[in-house]
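Visitor: Single-letter residue listing:
There are 2 protein chains.
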Amino acid sequence: MNTSVTLVEVGPRDGFQSVGPFIPTEKKLHFLTQLDACGLHDIEIGSFVSQKALPQLADTPTLLELARDIPRLRPRVLVPTLQQGRRALAADAPCLAFVLSVSEAHNRSNVRRTPEASASEYVALATSLPDDKEMRLNIGTAFDCPFEGRVQVDDVVRLLEPLISALPRAEFCLCDTTGRADPKQVSDLFKAVGESFGRDLRWAFHAHDTYGLGAANVYAAFLQGVRVFDASIAGLGGCPFAPGATGNVATEDLIYMFEKMGVSTGCDLDRMVALAGEAALLPGAQSGGRARQAITARYAAELNSSST
Amino acid sequence: MNTSVTLVEVGPRDGFQSVGPFIPTEKKLHFLTQLDACGLHDIEIGSFVSQKALPQLADTPTLLELARDIPRLRPRVLVPTLQQGRRALAADAPCLAFVLSVSEAHNRSNVRRTPEASASEYVALATSLPDDKEMRLNIGTAFDCPFEGRVQVDDVVRLLEPLISALPRAEFCLCDTTGRADPKQVSDLFKAVGESFGRDLRWAFHAHDTYGLGAANVYAAFLQGVRVFDASIAGLGGCPFAPGATGNVATEDLIYMFEKMGVSTGCDLDRMVALAGEAALLPGAQSGGRARQAITARYAAELNSSST
Chain A
21 MNTSVTLVEV GPRDGFQSVG PFIPTEKKLH FLTQLDACGL HDIEIGSFVS
71 QKALPQLADT PTLLELARDI PRLRPRVLVP TLQQGRRALA ADAPCLAFVL
121 SVSEAHNRSN VRRTPEASAS EYVALATSLP DDKEMRLNIG TAFDCPFEGR
171 VQVDDVVRLL EPLISALPRA EFCLCDTTGR ADPKQVSDLF KAVGESFGRD
221 LRWAFHAHDT YGLGAANVYA AFLQGVRVFD ASIAGLGGCP FAPGATGNVA
271 TEDLIYMFEK MGVSTGCDLD RMVALAGEAA LLPGAQSGGR ARQAITARYA
321 AELNSSST
Chain B
21 MNTSVTLVEV GPRDGFQSVG PFIPTEKKLH FLTQLDACGL HDIEIGSFVS
71 QKALPQLADT PTLLELARDI PRLRPRVLVP TLQQGRRALA ADAPCLAFVL
121 SVSEAHNRSN VRRTPEASAS EYVALATSLP DDKEMRLNIG TAFDCPFEGR
171 VQVDDVVRLL EPLISALPRA EFCLCDTTGR ADPKQVSDLF KAVGESFGRD
221 LRWAFHAHDT YGLGAANVYA AFLQGVRVFD ASIAGLGGCP FAPGATGNVA
271 TEDLIYMFEK MGVSTGCDLD RMVALAGEAA LLPGAQSGGR ARQAITARYA
321 AELNSSST
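These protein sequence lines map, in sequence, to chains A and B.
Under our numbering, the first residue of the first sequence is numbered 21, with each subsequent residue one higher.
Under our numbering, the first residue of the second sequence is numbered 21, with each subsequent residue one higher.
None of these hints come from the bench; they were simulated from the model.
Some clues are possibly wrong.
Claimed, not checked - Chain B side only, calculated, beta carbon under 8 Å to chain A, not exhaustive:
{"hint": "1", "residue": "Asp202"}
{"hint": "2", "residue": "Pro203"}
{"hint": "3", "residue": "Phe217"}
{"hint": "4", "residue": "Asp220"}
{"hint": "5", "residue": "Leu221"}
{"hint": "6", "residue": "Ala236"}
{"hint": "7", "residue": "Thr266"}
{"hint": "8", "residue": "Gly282"}
{"hint": "9", "residue": "Arg310"}
We put the CB at the ideal spot given by N, CA and C, even for glycine.
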């Protein structure tokens, strides 16, 4: 197939932020180092947000500083506003991940602004972005909103238009915030944005596995030409709208799927499975995914049978 | 989309056979009745095999008799040999599910015969099948063998040729026995058999979710025109090659996916989720799937927030 994909590891941000007990900064650094060693060089390492809102991610600026010693790592930091974006740039963050939601209810709940207000802040940030900095735009609730239900394709296209014009070299990620997208919907939306704005833009997809469709939705996006996928080690990151349910699609599940398909991820699956086992044991972590459990069980069975 | 699919419920056979403690016959009948009430009318209710080999399914003949009182139910019974097939026909089973594997090592381990010997027995059974009886042919290890690894497309095509000629009106199911197939492999194999034998045959797919690719593989098969899918309530049925890992793709996950896609399954998801919760609690059961947990958690959260 001779194709490759980029997996963007979001566990240290999207995963860790759902973990209650504070994960010490040196433990976070350990995961960044090991994720990088597994072949995951694009990592969302944290957020620039108010420390009061997300105490778990209060050490992001420190972590950004420490991450400079990991040579191949390209750290990303999430920023929800223009002000936080400027703060991240002042801290010399190489890549900003700006987040805004299509649905008004979700955007208000997330960042206390209308989507239009967030869009204006993004445009201000994007049009003044230094040439040596990179931008990822995360479009939340691109498929479904926990408050408003299914989101229409036209609403996503309309919201995207000025945002893409502002900085066409950015990475544009459609996020299935609730995990309620289905493969047909994913296929339809990426087809529509590809036709509206061009398939040569850098499209990305952020899948959740809440209803078991994470890998199916990623495959549907892949068939539409998407080559950048967010994923979280051990599937860390619960679902705030269904407490007790799992959240992000697991990085190791996507490595397994793509490598089996002959699509290169550049990642070492065995090493990643071991590291995911460690992440799943973090106090307060809610883990998901399937490949980790299956591969670990198979190794245990083989070890067992070879020792008798 | 105006499309529909048939979900074949295999939990009472493939799922229950992996449960250690004997499930009383009246409990099994309860599940058959309730599955039928959920809209699952095609159910593999058990196996005609030696009682010594599978004590859990020793009551299949009794169950077949009792199942006649469930009006819409179309029971299927698994048969691994010509002799057991004749026994099932003598018991007036309306639909036989014959199983044989592409890989010699797996077929020998499963039924102590070469694939060629099993194929001859199938042909003898199929060519003498009464007109009022139906046949499903399960091709095990069509993608991957626990002993021999990846299975080649040509080997599947070569094995299928005389089997399809013997009874073209049968249902032909390609089984991912180990759960190690990926969406591209599923897509390629169904494309190949469709081109070799015709897309108007009744093709079916039996997916496992061991590595988290159950729904993705089902979606890939669906895109190739497959409209019949095996699935197991609550994902019952572990993986004998990776003890501790989950097995069959969960019926409720497929109902969720297809209904979201606008593809009719004829099934009542909410009712199925409740029944799957009951199945997951069977003593000795190993459950899987995602939709059950997510939907149950969401309802609990809604109930919680509405009571405050």
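Visitor: Determine for every hint whether it applies to the structure shown.
Guide: Okay, the hints, checked on the actual structure:
1. Asp202: holds (4 Å)
2. Pro203: It holds, given that the least Cβ distance between Pro203(B) and chain A is near 5 Å, below 8 Å.
3. Phe217: Cβ of Phe217(B) sits 25 Å from chain A, so the hint is violated.
4. Asp220: Violated. Min distance 24 Å.
5. Leu221: Violated. Min distance 24 Å.
6. Ala236: holds (4 Å)
7. Thr266: holds (7 Å)
8. Gly282: OK, holds: Gly282(B) within 8 Å of chain A, min 7 Å.
9. Arg310: The hint holds - Arg310(B) has a Cβ within 8 Å of chain A, the shortest such distance being about 3 Å.
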